[in-house]
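Enquirer: These protein sequences, in sequence, are chains A and B. Read left to right, the first sequence gives residues -19 to 230 (my numbering). Read left to right, the second sequence gives residues 22 to 220 (my numbering).
Simulated from the structure, these hints should not be mistaken for laboratory data. Among these hints, one or two may not hold up.
Below are the BS3-like pairs computed for lysine-lysine, each with C-alpha atoms no more than 27 Å apart in a straight line [as the list claims (entries may be wrong)]:
| # | chain 1 | residue 1 | chain 2 | residue 2 |
| --- | --- | --- | --- | --- |
| 1 | B | K109 | A | K33 |
| 2 | A | K2 | B | K71 |
| 3 | B | K61 | B | K121 |
| 4 | B | K109 | A | K25 |
| 5 | A | K2 | B | K109 |
| 6 | A | K2 | B | K43 |
All values derive from a computational prediction rather than experimental measurement.
Spelled out, the chains give:
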Amino acid sequence: MPSKSFASRTYRDQGVVLRTHKLGEADRIIILLTAKHGQIRAVAKGVRRTSSKFGARLEPFMVADLQLVAGRTLDIVTQAVSLGWYGRDIAADYSRYTVGAAMTETAERLTDVDSESATAQYQLLIGGLAALSRGEYPPEMILDSYLLRALATAGWAPSFTECARCSAPGPHSAFSPALGGVACHDCRPPGSAAPAPGTVVLLAALLEGDWTQAVKAEEQQRKEASTLVAAYLQWHLERAVRSMKLVERV
Amino acid sequence: MYEGAVQELIDELGRLPGVGPKSAQRIAFHILEADPEDMKRLATSITTVKERVQFCEICGNVTEEATCSICRDTRRDPSVICVVEESKDVIAVERTRSFKGRYHVLGGSINPIAGIGPEQLRIRELMTRLSDEQIQEIIIATDPNLEGEATATYLGRLLQSIGVTVSRLASGLPVGGDLEYADEVTLGRAFEGRRSVSS
Chain A
-19 MPSKSFASRT YRDQGVVLRT HKLGEADRII ILLTAKHGQI RAVAKGVRRT SSKFGARLEP
41 FMVADLQLVA GRTLDIVTQA VSLGWYGRDI AADYSRYTVG AAMTETAERL TDVDSESATA
101 QYQLLIGGLA ALSRGEYPPE MILDSYLLRA LATAGWAPSF TECARCSAPG PHSAFSPALG
161 GVACHDCRPP GSAAPAPGTV VLLAALLEGD WTQAVKAEEQ QRKEASTLVA AYLQWHLERA
221 VRSMKLVERV
Chain B
22 MYEGAVQELI DELGRLPGVG PKSAQRIAFH ILEADPEDMK RLATSITTVK ERVQFCEICG
82 NVTEEATCSI CRDTRRDPSV ICVVEESKDV IAVERTRSFK GRYHVLGGSI NPIAGIGPEQ
142 LRIRELMTRL SDEQIQEIII ATDPNLEGEA TATYLGRLLQ SIGVTVSRLA SGLPVGGDLE
202 YADEVTLGRA FEGRRSVSS
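In isolation and in its complexed conformation, chain B is listed as follows (with noise of 0.2 Å):
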């Protein structure tokens, strides 16, 4: 045990993901031992960061603001609303640069045994959002797993009646990859969402 703040520190950085008591106490000694102008900002950024983000309220994606940048960009298009899990997904789909439309956040997954069904989601809040505005189309980009799974076939129900278009992104084989190492979950839903090449 060492002494009043150093420990206290140790513990702090005990209580962050992937981070063990051994690390911890690596870490704790690296910011001693730095220059106190580096260490000073990195306090200033996790000060700033928990008093300034918050979730936009129309997506639920992080920001600084009320709404978030891609909802307050006029130049994306208002009819579509791409449904992901996490912020961390809108940030994946934005590297395709092939998605121009809008973003909705859900923070998570149905996943009964956990005790999240579908109150504890955005859900209702994009309910909200498909009667106020002009949306066409809804793509349900959820994880490609079960949880993700069961999330979409939910959504898909839940919107069926509406009237707007709704798809899921699809699932197949990665690109640069070979054949006869795909497993056959994989090979089978590529096979299922196959399309005509003869245009």
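So that you can see chain A by itself, here it is in the shape it has in the complex (with noise of 0.2 Å):
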């Protein structure tokens, strides 16, 4: 196969950096979700010295217009254009900080092998990590509300109205995540989690992205939607999120 130049080998999309990885003196590897190329990992060259064009661009939760060069194993990064400065706004609260990461570790868990959905979870990231920046609602309920989504996304999308199993109309008092959501009273299977009524109510209007209604929620309710929200998603993605461990919740 006769080997391509480099001019075919550049390609251009848009990114947001999920994690950075240093490599060698003065190297990156960053861990980018693009729009129209999936999870991509790229080298950025030299972006650890003070000198650097683009280190600053290709910051963990930096959204940037990217021109790339298909290597190998991994990509070349040669020009970046930031489109979105989410990273200063959010390290400069600890708790928007430990949410962004549990964000990122997630969209990197859950596009690593399916490129199928990468696009929409390259937008519904993006969507939050705006959100979180701006500080219109609470950091930990917007955590909630994007893994919700980001699951549902990946095609796990859990049931709050209807049963998970007979789809028997709600509402339900009972959760289970090996369910996929809530289930009546002949489906539960036993050791099910057994939420107040608001909860349930506040889990589905953070799917739904209903911010009314999720807001008018108690501090008990958000705090076993919180709870329940992390059972399912290390019940889907087998492992636990590292980053979860240091979320701040108030």
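Work from the hints to combine the two standalone chains into their complex.
Expert: See the structure below:
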């Protein structure tokens, strides 16, 4: 097979930086979630030097318009222009930072094998980070809403109104991550959680992005909802999301 | 595969950062062919480093004694502490020759995805120092990247209630560069941190 020329290997896409690793003397490996090419691992050369022209644009939570060159294992970032500067506002508040880390870690895990839903996941993550940087709603509620919607986009949509097994109309009082949502009295597996009715309403609002309903919830219901969302996330990802341990809950 | 000791040396060298299998082989053969005295010196310095060097009980910097030379130096200002991520950063600040206070090495920055939270850093030791010593100002000199900024935010919030002055290193334009080449984030920071020239 003839080797492709440099020009034909270059491509342009928009992406959000999920995570960075140090590489060699002054380089970084940047893990990106892009709009058209799914998750990409690319090398950004020399970005750790203080004289770097695009180091600041390739920090986690930054959205950039990128020019990349496809490589055998890792691509190379050649140009970057900022589209969204969420990093600064997120890092200026510690609870936002821990929530942002949990969001990007989840996005990385959900898109590392599944490239079909990557575009939808990209849009969802950008929306989540923008809301987080604006600080309109409490950070932990943005996280719970993001996690539910990201899991739904990945194909694990929970059901909070109808029974997850027999589709009997709700409201129901049992929740089972294994079943995929709330369960009616006949279908509920042993050991299911029994959340308060207000918590189930809150979870449904968070999944739909109905903030007028979600912000009405009391603190107790928010805490219970967070626990259930974390259990649902862990059940489907099969491994714990490390950043979740450090998320500050008010 | 080489026999015995040579292969063992290649394997050990290959575990060093930035050394691949070919470089490991080249270094191993250089060692074989080099002057025995030179190589003995290299071996001794590696052993000495591992045996003698430890972390300073006060600031966490590398030292050969219980406390480092900076913490022992009575001429340094005990009222100012510069908080840095690594021992390498102490050397970088020392090179400026403009800081006369003492240091505190955190041992990294808060990075939830890598599993590093405030508990894994030497933040508790810093708080202990604040209660014992005559400290009036803390200068946070963590890296100017996202993790460093988040660590600075966390420390700022923690130290707010103690009644010491907390400052953060400025970010801005590199000396000797052109303004047109500055990226928008750095230039934005330079605007925020501008200072009056009419004194």
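Enquirer: Indicate, hint by hint, whether the structure satisfies it.
Expert: Going down the list of hints, with the structure as the test:
1. K109(B) with K33(A): Since the Cα atoms of K109(B) and K33(A) sit roughly 23 Å apart, the hinted pair holds (cutoff 27 Å).
2. K2(A) with K71(B): At roughly 25 Å apart (the allowed maximum being 27 Å), K71(B) and K2(A) satisfy the hint.
3. K61(B) with K121(B): Violated, at roughly 39 Å.
4. K109(B) with K25(A): holds, 21 Å
5. K2(A) with K109(B): At roughly 16 Å apart (the allowed maximum being 27 Å), K109(B) and K2(A) satisfy the hint.
6. K2(A) with K43(B): holds, 22 Å
When the structure is compared with the earlier hints, a violation turns up for hint 3 alone.
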